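**Student:** Sequence:
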Amino acid sequence: MIVDSHTHAWARWPYEPPVPDEATRGAVEHLIHEMDQNGVAEAVIVSARIEKNPDNNAYGAAAVRRYPRRLYQFADVDCVWSPEYHTAGAVERLRTAAETLPITGFTHYVGDNDGWFRSDEGRAFFKFAAERKLIASIAMGPAWAADLGAVCAENPDLVVLLHHMGGIGSGAPRSDLEAIATLSKHPNVHIKLSGFHYAVGLENGWDYPHPSAMWIAEGLYAAFGANRLCWGSDFPALSRAMTYKQALEIVRLHCRFLQPGDLEPILGGTLKRLLDSAAPTRTF
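Going by this note's numbering, the sequence shown opens with residue 1, and the numbers climb by one from there.
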């Protein structure tokens, strides 16, 4: 079974430049079509209330209710683009999302490290997530690694999924990889094997299969092992650099360091286990 760890679905295309098919390019129907065409059984919608989509949590919830056997939702809670970002009341906002949306987890995109993970508010936020068995899908870079490590040590039952290979750039120093790799000592941390186009920079997105980013993928594989890597497509944002099928093949064909048997957990086995163990999806 193939399970996609990282997709989006939007009612309105959020990126520049404008497109003529704004209402359909990122629609959930398009996502399901791509999944069907490529043999992907299930996918996680990572909600993101960006640009023209302030209602994206509601859109994702409707998608999960429409396709309950195919989709899961991680709600956008206090991401960097929201006015609530790292302000008081984060626990209550996460509680509201957990009690009103059909979610299995939440996503939290961060900016520069402001120390919030180690603050009383941040610690309470992640403690609540662990208690509710909500998967924490975190978009961050290496500068946050030590603080996330403290969170994981304090909450060993909190399942963490780091977006796009931990936010390491292909031109970054080796120390960035080492910072993310230190998180491997926490068994609750997992890495999305996704976002190769972000690692090389969208201006270089044409250079498929992004060979300059392979050292990152291989280094994370060495640190975390196949059982803690989860493939993700980044639909529909990936369309600025590759097709959905290419997002699959970059792992299936071009990650040549993988060993026999590694693809099963990476392409869905591990993520399916994590989702099945997470907070049960509400169907109301």
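None of these hints come from the bench; they were simulated from the model.
These figures come from a predicted structure and were not determined experimentally.
Where hints are given, some of them may not hold.
Distance ranges between label pairs, derived from CB positions [said to hold, decoys possible]:
| no. | residue 1 | residue 2 | range |
| --- | --- | --- | --- |
| 1 | Ala153 | Tyr15 | 34 to 40 Å |
| 2 | Glu218 | Arg273 | 41 to 47 Å |
| 3 | Glu22 | Asp157 | 37 to 43 Å |
Ideal placement from N, C-alpha and C gives every residue a C-beta, glycine not left out.
**Student:** Each hint needs a verdict: does it hold in this structure or not?
**Tutor:** Verification of the hints:
no.: 1; hint: Ala153 x Tyr15: 34 to 40 Å; in the structure: holds (37 Å)
no.: 2; hint: Glu218 x Arg273: 41 to 47 Å; in the structure: violated (24 Å)
no.: 3; hint: Glu22 x Asp157: 37 to 43 Å; in the structure: holds (41 Å)
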